[in-house]
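Number of protein chains: 2
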Amino acid sequence: MIRLLHHQLDPASRLIRLMCAEYGVALELDQVIPWKREPQFTAVSPAATLPVLIGAGTEPVVGPLACIQHIEQQHAPASVAGLVPGDPAANAEMWRLLEWTMFKLNEEVTRYVLEEKLGKRARGEGTPDVSALRAAMANLSEHLLYFDWLLASRTWVGGEEMTLADFALAAHLSSLDYLGDVDWAGAGEARDWYARMKSRPTFRPLLSDRLVGMPPSSSYADLDF
Amino acid sequence: MIRLLHHQLDPASRLIRLMCAEYGVALELDQVIPWKREPQFTAVSPAATLPVLIGAGTEPVVGPLACIQHIEQQHAPASVAGLVPGDPAANAEMWRLLEWTMFKLNEEVTRYVLEEKLGKRARGEGTPDVSALRAAMANLSEHLLYFDWLLASRTWVGGEEMTLADFALAAHLSSLDYLGDVDWAGAGEARDWYARMKSRPTFRPLLSDRLVGMPPSSSYADLDF
Chain A
3 MIRLLHHQLD
13 PASRLIRLMC
23 AEYGVALELD
33 QVIPWKREPQ
43 FTAVSPAATL
53 PVLIGAGTEP
63 VVGPLACIQH
73 IEQQHAPASV
83 AGLVPGDPAA
93 NAEMWRLLEW
103 TMFKLNEEVT
113 RYVLEEKLGK
123 RARGEGTPDV
133 SALRAAMANL
143 SEHLLYFDWL
153 LASRTWVGGE
163 EMTLADFALA
173 AHLSSLDYLG
183 DVDWAGAGEA
193 RDWYARMKSR
203 PTFRPLLSDR
213 LVGMPPSSSY
223 ADLDF
Chain B
3 MIRLLHHQLD
13 PASRLIRLMC
23 AEYGVALELD
33 QVIPWKREPQ
43 FTAVSPAATL
53 PVLIGAGTEP
63 VVGPLACIQH
73 IEQQHAPASV
83 AGLVPGDPAA
93 NAEMWRLLEW
103 TMFKLNEEVT
113 RYVLEEKLGK
123 RARGEGTPDV
133 SALRAAMANL
143 SEHLLYFDWL
153 LASRTWVGGE
163 EMTLADFALA
173 AHLSSLDYLG
183 DVDWAGAGEA
193 RDWYARMKSR
203 PTFRPLLSDR
213 LVGMPPSSSY
223 ADLDF
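Taken in sequence, the protein lines are chains A and B.
According to the numbering used here, the first sequence is numbered sequentially starting from 3.
According to the numbering used here, the second sequence is numbered sequentially starting from 3.
Wrong hints could be hidden among the right ones.
Claimed, not checked - Cross-link-like lysine-lysine pairs, in silico, BS3-like; alpha carbons within 27 Å at most: (1) B:K119 / A:K38; (2) B:K122 / A:K38; (3) A:K106 / B:K119; (4) A:K38 / A:K106; (5) A:K122 / B:K122.
Stated by the list, open to error - To give a feel for the contact side, a few chain A residues facing chain B, derived at Cβ under 8 Å: (6) A94; (7) E109; (8) E110.
Said to hold, decoys possible - Residues of chain A placed beyond 12 Å of chain B at every Cβ, according to the derived structure: (9) V27; (10) C69; (11) F105.
Everything labelled a hint here was simulated from the structure, so no lab data went into it.
Built from N, CA and C at the ideal position, the CB exists for glycine as well.
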């Protein structure tokens, strides 16, 4: 079986868990605290990037882009539609929004929230910086406005087909939602879309994740949030 | 002909120019100042992300990941080896290092330097913040140490084959070098590798780039820097 070095609330790890679940690829999960940068982890992933896929007899596959390409090339189902569209326009739109979510939303929101709430805690560096969290929340509102606007005229984030871009955004929002940092009252279309994502059977294992000493927000596992 | 919305010193734009040149794809270049976020640009690229490919009768392809996939799928040469390895291990290593360069190095170094030196100037917001530039330079030294170490045991960044990861790193270093922000004295292996990259015919057009009122550093166009 393939091993996945991951963290329960790392959004890139969540994206790969969801992609593998949708493709029917079984994973053995191995939790890492990336904020600690422990030597046995950085020996595999020098920049402490998650996730890492480790198969039998192959080199580790490090980082979200390498993992996505690896799974798509080795494990995409031949019989059903995959999550990476073949049509050039849909493909470009998927990559635009996947990049937006995994790098821009991450840099402006998720990475800060996780560093303040989990990173500092893991390293014993005290309490979160309230002003950093406030800035991240203001940025998140802007991002949600954009996705709300997109989803007002589309069924899925990238268009009329469900793609990896949906799972990338859902992965980020689910991590933030666990920590109680999503204002669902202000997100109409995005909330309806997230309710659909959350109801997928492949999402269920993520909704059962629990961090020790840090229970999820009340909306986290609720399908009628 | 395909149009590329780009900025001369934007590293992602440079990567796409290099990839297209290596694949023999002719581009019509159209310069944009992304830091100004002008409405006619954000109408095409809502997050003001560069580059954007615009072909005849197709939707714009926005952002580096979408552009890379588009060019690889539509324009990779059938007869010669492309820049995206087919071998799974080499493919994973390429994506790991491309991600490192385009997102991590960008977030920790290039984006700051360009914002301070070009963004503020474009918006008429005064002079660069010296402490931000100093932090970016300290980060760059760390990144160069890593690539130096990698290149001590490899011919190319990703291994024994030249890949897109080489062009991604060369694109970033060339932008920083234009602005005089690379300390080549401290970069042994990386310097030798960059000398090889710089000598490629596909690199020549980039070495002729000139920003109005901002000449390049003395090392920029020199092949024996």
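Practice problem: Would you pick out the hints that fail for this structure and give their numbers low to high? | Solution: 1, 2, 5, 8, 10, 11
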